[in-house]
Amino acid sequence: MTVELFIQYLVAGITYGSIYAIVAIGFNIIYNTTGIINFAQGEFVMLGGMLAITFLHFLPLPLAIAVAVLCTMAIGAAIEILFIRWLHNPGVLRLVIITVGISILIREAALHIWGDNVHSLPYFVGNEVSTIAVLGARVSPQVLWVIGACGLMVLFLNVFFQMTSVGREMRACAANRTAAVLCGIDTRNMVTLSFVLSAGIGAVAGAVMSPITYTQYDIGTGLAIKGFTVAILGGLGNSLGAVAAGLLLGVIEAFSVSVVPLAFQDAISIALLLVILFVRPHGLFGSSAAGLKEF
Amino acid sequence: MMGILRKTVSVAAAACLLLASSAWAETIKVGAVLAVTGPASFLGGPEANTLEMLVEEVNAKGGINGRKVELFLKDTAGSPEKAISMAKQLLEEQQVVAVLGPSTSGETMSLKKIFEDAKTPLISCAAAEAIVDPVASYVFKTPQNDSYAARKIFMEMNKLGISKIAVLVDNSGFGKAGREQILKIAPEYKIEVVEAEVYDAKATDLSAAVAKIKANPAIQGVINWSVVPAQSIVVKNIRQAGWKVPIFQSHGFGNIKYVDAAGAAAEGVIFPAGRLLMADQLPDGHPQKALLVKYVKDYESKYKETASTFGGHGYDAFMIFEKAVTVAGPDKDKVRAAIEGLKNLPGTGGVYNFSATDHNGLTLDAFEMMTVKDGKFVPYIGR
Chain B
1 MTVELFIQYL
11 VAGITYGSIY
21 AIVAIGFNII
31 YNTTGIINFA
41 QGEFVMLGGM
51 LAITFLHFLP
61 LPLAIAVAVL
71 CTMAIGAAIE
81 ILFIRWLHNP
91 GVLRLVIITV
101 GISILIREAA
111 LHIWGDNVHS
121 LPYFVGNEVS
131 TIAVLGARVS
141 PQVLWVIGAC
151 GLMVLFLNVF
161 FQMTSVGREM
171 RACAANRTAA
181 VLCGIDTRNM
191 VTLSFVLSAG
201 IGAVAGAVMS
211 PITYTQYDIG
221 TGLAIKGFTV
231 AILGGLGNSL
241 GAVAAGLLLG
251 VIEAFSVSVV
261 PLAFQDAISI
271 ALLLVILFVR
281 PHGLFGSSAA
291 GLKEF
Chain V
296 MMGILRKTVS
306 VAAAACLLLA
316 SSAWAETIKV
326 GAVLAVTGPA
336 SFLGGPEANT
346 LEMLVEEVNA
356 KGGINGRKVE
366 LFLKDTAGSP
376 EKAISMAKQL
386 LEEQQVVAVL
396 GPSTSGETMS
406 LKKIFEDAKT
416 PLISCAAAEA
426 IVDPVASYVF
436 KTPQNDSYAA
446 RKIFMEMNKL
456 GISKIAVLVD
466 NSGFGKAGRE
476 QILKIAPEYK
486 IEVVEAEVYD
496 AKATDLSAAV
506 AKIKANPAIQ
516 GVINWSVVPA
526 QSIVVKNIRQ
536 AGWKVPIFQS
546 HGFGNIKYVD
556 AAGAAAEGVI
566 FPAGRLLMAD
576 QLPDGHPQKA
586 LLVKYVKDYE
596 SKYKETASTF
606 GGHGYDAFMI
616 FEKAVTVAGP
626 DKDKVRAAIE
636 GLKNLPGTGG
646 VYNFSATDHN
656 GLTLDAFEMM
666 TVKDGKFVPY
676 IGR
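Chains as they are written, first to last, in this note's numbering: chain B, 1 to 295; chain V, 296 to 678.
Excised from the complex, chain B in its bound form (with noise of 0.2 Å):
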């Protein structure tokens, strides 16, 4: 394998993992705060590219793009707030299936709103030939936009779980919802908190990624499946060990098609979740006693 060719992979493979990561992250943000994945994750993505696409018409890019971000947000407050809040010490597999029911109800209402065509934004910079080279390998412009999107959204979000008071009390509620409770943090507000960080990264990862990918509205299933990968992979509630996991994951399939059919490349990450689950239910980052404490 010539280096160029090493490169190309490499760059493929990274883009499609930061946008896993994303995903990854998006689930553990909830995981952390409520104890459940929520798979209508993948839906939030996609709504963040399609809201983005249909602002377009009266915005320009980066703003259409930052009232998509915070519709998408305000869904995932609404979300919370309607389906969420108001149950009572909820079991996790009825918080399950209400999300998968979201996940749908999302899924056909886009259907309904957009129908089933491919739809995507513009090419921030340049169009669809525009290539730069990286270390000999050549790519389009937009995938350094989903990897700097990416990589940013992970900084922001280490700075605010580290660095401001939110961000601590969130994290208070992941590690012990009642001692939370006991200094005086509403943990109600907090979850829905997490679901509206968990929407807007999404989103944010939903319009960048569009002019590459396309959006469609059934986008959601399949990157909710890879995110969970990731997540689990990672070591469910980690969220740097979702990043690593995911970049492991996309450059492994990136490389993937060196040796075994492109149609095989999908089995890799689905083979991959089955191993992990046998083995090392708790991840590869993340420590047996905290790992899927739930389920």
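Each computed DMTMM-like pair below joins lysine to aspartate or glutamate, with the alpha-carbon atoms no more than 20 Å apart:
hint, chain 1, residue 1, chain 2, residue 2
1, V, 479, V, 428
2, V, 599, B, 116
3, V, 497, B, 266
Which chain B residues stay away from chain V? Per the calculated CB distances, all over 12 Å, these:
hint, residue
4, 100
5, 101
6, 185
Treat the hints as calculated values from the structure; they're not laboratory data. This one's a predicted model, so the numbers in the text were calculated from it and none came from an experiment. Every residue gets a Cβ at the ideal spot worked out from N, C-alpha and C, and that includes glycine.
Starting from the known structure of chain B, arrange chain V on it as the hints suggest.
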């Protein structure tokens, strides 16, 4: 949903009117099983629209031989199981003279035996050659054979001196059938397939696969055979990798939305297609010209969307039915025999010449090579 609802209501209303106005003259019942919704809706949607438009038109002119046509349109959502149960319903309950559709090859294959047994003509809008080869006496199809498209591409490659190629297909039935034909026919044209990959119809990025193929310096051309949006991603990824290789696509590329999706990357893509896409540019004397121009105009003014070759397959199916019934009357067996006797019949897909052994009736000549220039389809005139 609203669209379908509205359509259903309007069809029902039309049917009521029809019944009221011609209470004594019996109608000619024709069934249609099309993938109006679901993953193949890009086929079934335009086909259903076209049938409704044509039935309206024929009835406005007083029907066929003075008898109105009554259309029973069923939505299979692309599922063979639904197609079977709906076809049986049409055959047994409505006692239709013939059934038009289905939209996809998989559905058609599952209906082939049923229509043989029911001795009722089925005029499919799906392309697979297996539908008419071996010939089943009651089963016909309107779209051009996949192998014709492959041959057209290979002939063009021979002209350009391309002999080593990569083949990318999607994992739909269309992609798989295309791959089979390409691998089978390529040696006849002294073309060697050095790389072949199948991509997921839902793929979102194929830059790794493109990188792999690009790394093989022997490749002089790429065939990207697909009927799903992912085909535009392949084109983009090839150009984004800075690769200037000639790209050939199948007739499944003949929908302007795939060009829009690929944007600037679609420029110069070469593909075979029916003449519907170049109706305006045909010479005036061409046998298909008048009919194509009228169909495209009627369809676009009625439905406010671009006419596609897929809707054209529905047009041809209805036209063949109409001609056969005009000749033979609404009798299943006579209609079947009449279709086999249709000669020199211009349709949207080409000029049909049916016979007892040829239930498609088209030749290689039904395809023209086209390319994309400034985001539009134009005839390809070599480089």
